[in-house]
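J.: Just so you know, the sequences run in chain order A and B.
Residues in the first sequence are numbered from 1 upward in steps of one, following our numbering.
Residues in the second sequence are numbered from 1 upward in steps of one, following our numbering.
Warning: the hint list may mix true and false statements.
[Said to hold, decoys possible] FRET-style restraints, in silico, Cβ to Cβ:
#1 A/Y228 x B/I470: 46 to 56 Å
#2 B/I170 x A/L479: 30 to 40 Å
#3 A/P305 x B/E299: 39 to 49 Å
#4 A/Y228 x B/E152: 35 to 45 Å
#5 B/L437 x A/R419: 19 to 29 Å
#6 A/Q311 x B/D300: 27 to 37 Å
#7 A/C445 x B/A172: 53 to 63 Å
#8 A/N194 x B/Y312: 30 to 40 Å
#9 B/P151 x A/L477: 32 to 42 Å
#10 B/A318 x A/Y228: 38 to 48 Å
#11 B/F474 x A/L479: 48 to 58 Å
#12 B/G324 x A/L477: 25 to 35 Å
#13 B/A172 x A/I470: 55 to 65 Å
[Unchecked claim] Quick partial rundown of chain A residues pointing at chain B, CB under 8 Å, derived from the structure:
#14 L155
#15 V317
#16 Q321
#17 L453
#18 I456
The hints are simulated quantities; they were obtained by calculation from the structure and are not laboratory data.
Quick reminder that beta carbons are idealized off the backbone N, C-alpha and C, glycines included.
Number of protein chains: 2
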Amino acid sequence: MGENGDTEIIEHHVDEEMEKKRILLRSHGSSFMESVTPSERDGHSSTQSSHRLLAYSDALISIIATVMILPVAHTKVQDNEELKESLQVLLTTKIAVYLMTFLIVTVAWAAHIRLFQVIERIDDCLALLNLACMMLITFLPYTFSLMATFPENILGILLFCACVMVLGFIQAVIVVYGFSRPFLLNDQIQVSENQVFYKHHILKVIMRVPIMCFFASIFSFIFFQMSYVILAIVIFLPYISQSLKWCRSKAIGQVEETPDSMMFYTYHPNEPLSKERVEAFSDGVFAIVATLLILDICEDNVPDPVMVQKQYGGSLVAALQNYGPEYLAYFGSFATVALLWFVHHSLFLHVTRTTRFMGLLNTFSLAFVGGLPLAYQLTHEFPRNSRNELEAIQISCVIIFFAGVFQLAIWVAALFSERETLHPYVRYGGREHAFMLAKLALYPCVALGTFFLTCILSKFSASIFHLMEITVPFAFLLLRLLVRGGLALLRLIFCPDGPETRSALEEEEEEEARMPFNTMIT
Amino acid sequence: MGENGDTEIIEHHVDEEMEKKRILLRSHGSSFMESVTPSERDGHSSTQSSHRLLAYSDALISIIATVMILPVAHTKVQDNEELKESLQVLLTTKIAVYLMTFLIVTVAWAAHIRLFQVIERIDDCLALLNLACMMLITFLPYTFSLMATFPENILGILLFCACVMVLGFIQAVIVVYGFSRPFLLNDQIQVSENQVFYKHHILKVIMRVPIMCFFASIFSFIFFQMSYVILAIVIFLPYISQSLKWCRSKAIGQVEETPDSMMFYTYHPNEPLSKERVEAFSDGVFAIVATLLILDICEDNVPDPVMVQKQYGGSLVAALQNYGPEYLAYFGSFATVALLWFVHHSLFLHVTRTTRFMGLLNTFSLAFVGGLPLAYQLTHEFPRNSRNELEAIQISCVIIFFAGVFQLAIWVAALFSERETLHPYVRYGGREHAFMLAKLALYPCVALGTFFLTCILSKFSASIFHLMEITVPFAFLLLRLLVRGGLALLRLIFCPDGPETRSALEEEEEEEARMPFNTMIT
Numbered sequence: 001m002g003e004n005g006d007t008e009i010i011e012h013h014v015d016e017e018m019e020k021k022r023i024l025l026r027s028h029g030s031s032f033m034e035s036v037t038p039s040e041r042d043g044h045s046s047t048q049s050s051h052r053l054l055a056y057s058d059a060l061i062s063i064i065a066t067v068m069i070l071p072v073a074h075t076k077v078q079d080n081e082e083l084k085e086s087l088q089v090l091l092t093t094k095i096a097v098y099l100m101t102f103l104i105v106t107v108a109w110a111a112h113i114r115l116f117q118v119i120e121r122i123d124d125c126l127a128l129l130n131l132a133c134m135m136l137i138t139f140l141p142y143t144f145s146l147m148a149t150f151p152e153n154i155l156g157i158l159l160f161c162a163c164v165m166v167l168g169f170i171q172a173v174i175v176v177y178g179f180s181r182p183f184l185l186n187d188q189i190q191v192s193e194n195q196v197f198y199k200h201h202i203l204k205v206i207m208r209v210p211i212m213c214f215f216a217s218i219f220s221f222i223f224f225q226m227s228y229v230i231l232a233i234v235i236f237l238p239y240i241s242q243s244l245k246w247c248r249s250k251a252i253g254q255v256e257e258t259p260d261s262m263m264f265y266t267y268h269p270n271e272p273l274s275k276e277r278v279e280a281f282s283d284g285v286f287a288i289v290a291t292l293l294i295l296d297i298c299e300d301n302v303p304d305p306v307m308v309q310k311q312y313g314g315s316l317v318a319a320l321q322n323y324g325p326e327y328l329a330y331f332g333s334f335a336t337v338a339l340l341w342f343v344h345h346s347l348f349l350h351v352t353r354t355t356r357f358m359g360l361l362n363t364f365s366l367a368f369v370g371g372l373p374l375a376y377q378l379t380h381e382f383p384r385n386s387r388n389e390l391e392a393i394q395i396s397c398v399i400i401f402f403a404g405v406f407q408l409a410i411w412v413a414a415l416f417s418e419r420e421t422l423h424p425y426v427r428y429g430g431r432e433h434a435f436m437l438a439k440l441a442l443y444p445c446v447a448l449g450t451f452f453l454t455c456i457l458s459k460f461s462a463s464i465f466h467l468m469e470i471t472v473p474f475a476f477l478l479l480r481l482l483v484r485g486g487l488a489l490l491r492l493i494f495c496p497d498g499p500e501t502r503s504a505l506e507e508e509e510e511e512e513a514r515m516p517f518n519t520m521i522t
Numbered sequence: 001m002g003e004n005g006d007t008e009i010i011e012h013h014v015d016e017e018m019e020k021k022r023i024l025l026r027s028h029g030s031s032f033m034e035s036v037t038p039s040e041r042d043g044h045s046s047t048q049s050s051h052r053l054l055a056y057s058d059a060l061i062s063i064i065a066t067v068m069i070l071p072v073a074h075t076k077v078q079d080n081e082e083l084k085e086s087l088q089v090l091l092t093t094k095i096a097v098y099l100m101t102f103l104i105v106t107v108a109w110a111a112h113i114r115l116f117q118v119i120e121r122i123d124d125c126l127a128l129l130n131l132a133c134m135m136l137i138t139f140l141p142y143t144f145s146l147m148a149t150f151p152e153n154i155l156g157i158l159l160f161c162a163c164v165m166v167l168g169f170i171q172a173v174i175v176v177y178g179f180s181r182p183f184l185l186n187d188q189i190q191v192s193e194n195q196v197f198y199k200h201h202i203l204k205v206i207m208r209v210p211i212m213c214f215f216a217s218i219f220s221f222i223f224f225q226m227s228y229v230i231l232a233i234v235i236f237l238p239y240i241s242q243s244l245k246w247c248r249s250k251a252i253g254q255v256e257e258t259p260d261s262m263m264f265y266t267y268h269p270n271e272p273l274s275k276e277r278v279e280a281f282s283d284g285v286f287a288i289v290a291t292l293l294i295l296d297i298c299e300d301n302v303p304d305p306v307m308v309q310k311q312y313g314g315s316l317v318a319a320l321q322n323y324g325p326e327y328l329a330y331f332g333s334f335a336t337v338a339l340l341w342f343v344h345h346s347l348f349l350h351v352t353r354t355t356r357f358m359g360l361l362n363t364f365s366l367a368f369v370g371g372l373p374l375a376y377q378l379t380h381e382f383p384r385n386s387r388n389e390l391e392a393i394q395i396s397c398v399i400i401f402f403a404g405v406f407q408l409a410i411w412v413a414a415l416f417s418e419r420e421t422l423h424p425y426v427r428y429g430g431r432e433h434a435f436m437l438a439k440l441a442l443y444p445c446v447a448l449g450t451f452f453l454t455c456i457l458s459k460f461s462a463s464i465f466h467l468m469e470i471t472v473p474f475a476f477l478l479l480r481l482l483v484r485g486g487l488a489l490l491r492l493i494f495c496p497d498g499p500e501t502r503s504a505l506e507e508e509e510e511e512e513a514r515m516p517f518n519t520m521i522t
């Protein structure tokens, strides 16, 4: 293995890369894209693209964010007591734990995004350190359960603070390690002159939360209510300050920020939140939420052979009919989650860049999506036409409504700064714009309609709800037709001239014709 | 909305794209990569890149593949009975269900890959049809549980066959829809002359399994054992035929296949299995497996306040000490799964293309990874120094060993056709090659060592196992140093000349110097 052999190998390598690029250009397969990114080619000696590490972290974080809905869903509600009373027990602890976990995990996730916007390439050491971070993050929900169950005991808060402090320490190690090997860093920081300034600044930002947790853990010995206050500040402050800033910037106009002050909030001036990571995180949440009910069904809803023999005379079909409502709940929640994913997917096709405020709205939307399986399970747990069933159905409608409304809010927030965040062809006024709006508005409208219908016709609430479940997927299939029809109708009403409508038809035909051509060029 | 307005918008659009490409070239952020792929730009009028849809499908499928380990893990093993007896109960049904689910789901996943290698772009209609497919696939594990619990009852097999037939029908609809809008298709098929031939061929391949299921469902009424045989053929035939083919091609040399006959097995001649999707699927499995235990811990291991007051005099710490072993099990299994992911990640950095045989080995490795949480839970469930504990620890070692060995086998299989599957710099002989081998061999070796140590020193088995858990992550951190030392030692022993060792050092330094330069160019 002399020097010559090595050079030869590298030359060969370069040749192959060229060859592969040529293949790439020919087939422009997006699945190839990732494997030939420049940063991965540096993989050569231990430096690697961080893409897959981040995808894996997103998957872990999204699972952890939604896990705490399980204890809520598994709380048994007695048939004889009113849902309201048991709901109060649920609301006070478990739902609070779920929401707090969701928020703190998304705070940790945002910090993780920022960190890996600075460090764009990884090596083995960073990969292992990141996995250690993940292990600590996945343990956070448990400390919340302890806090909620034993609010007067300081153990929960101490465990939480310890986790956050170790997490901060590991992240500081990652930053110091990254800056000691500048080729791992973001290119802008790599070529910048004041690297030391950046390093200190980033360390300061990272250590802010652990230091607050350090004080919280000290206060917990003296006056433990104080540490909960500090904790609340840690969790909610980023959200509140972000939304305040957004509101102010909309009210008094955008304040021109110097690059350095920009750096104070986001290290990567071009992209406030990485769109790809928001998508990956959302996908993870949607995927785990969609399958939460099948986890239960596979475990609990297989009848015992002995029981079937005794109670049902060996008729499996009769035994399974007991579980009928649970299958319905599964298919209903899967369909709703899948369709909300579909809307989210369509929305983010048009979004080119995600602002922090859009990320915040996305988090709220996902938090409601996480509650869906619970709502659906409640829907089918009660006897027909009982008061509890009606309330469960109405809660489901409310959850669907808010999940959909926050998605709509993302779209509205994107429209406010459409130059930076949206593809040009969906800005105000195009047909795609109308279609997108219809997609986003469908679920909130349907949920609202169902809610009021069940209020009026409370006797048929279950049938109305099931009808809604069945019709919505078809409504999505036919939405494009409906919107076209609606737009044509609007045109007919407001400008009843022949040529206008004809031109729309022509436009359509032209579009159809353009498509294959487009794909041929690109 | 006249014609002129439209053209202007498109022109503006093109300008923006150029601008974005320039940004892309400057920052080469891989996170931007996806959003500017040509196929997504066609998104213009309802056609979209399928990338995110596939990632979401991969996440769903990987969760479903690993779900069935939960009933296995939740089977309570009594302390007083021997593990062996209860293991037999476990082995006969639940583990079989787990493995069957894993295999059938990966078969469905492979079919899904093939389908979306033909249809490379999607629109809303295809996205919704795909979600319907996903819903059916997620229901398959439940039909297996029914079959395993009631092997004599034909309901399970009928449900399974019905699901598969509906699935086949939807996939056929997807193919017909795709071929009716050729701009959605793979470019090679798009420009090919005999599109009709491809269409019929693909339909034939897709309908093969549903038709077999149709016969299985008919046989189930006449002679139900026969339908299980057909089912086994459906599940195992692709695997057996693939491995036979691979062995034959290695034994008698590669048979030159015409493009048409290639098409018979894989529609996309350039890439047998999409590397990106294999990675996404593996990530999903690793993520859900790593968090399976925290799901349980968050739900079950929060003590009841009343119980704490009564039994432990209000001391939460004392109450939590009961759960100590479960925390250990969680951290142990998380660390093992994370490190196996890390090895997998390193392996696939060097792999440029995945053959079907490598995919098969990957499936086997993942199936063992799925069993890890179960093994770790068993490890900590029994009293110290009992016979059961020893057996549980040995089972854990065996599972880790096989998970690692199959990863090693992927590497060996890749080396057999290294020209097509590996980056040039890790082929036989380089230092990276030795390092990769060491990474892959670490877990199997450690597991094997632990296994034999626990056989000899059965009294200290738990301590040995915990020591192993703690040292392995550090071994990974120091592996690069160890391998360098080992290689230097080997050089010293076999060629004890001064210059050789010096040149190695120089090489290293040169490499370090080259790195930042490399990243600057690319």
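J.: For each hint given before, does the structure comply? Return the numbers of the non-compliant ones in rising order.
T.: 1, 2, 3, 4, 5, 7, 8, 10, 12, 13, 16, 17, 18
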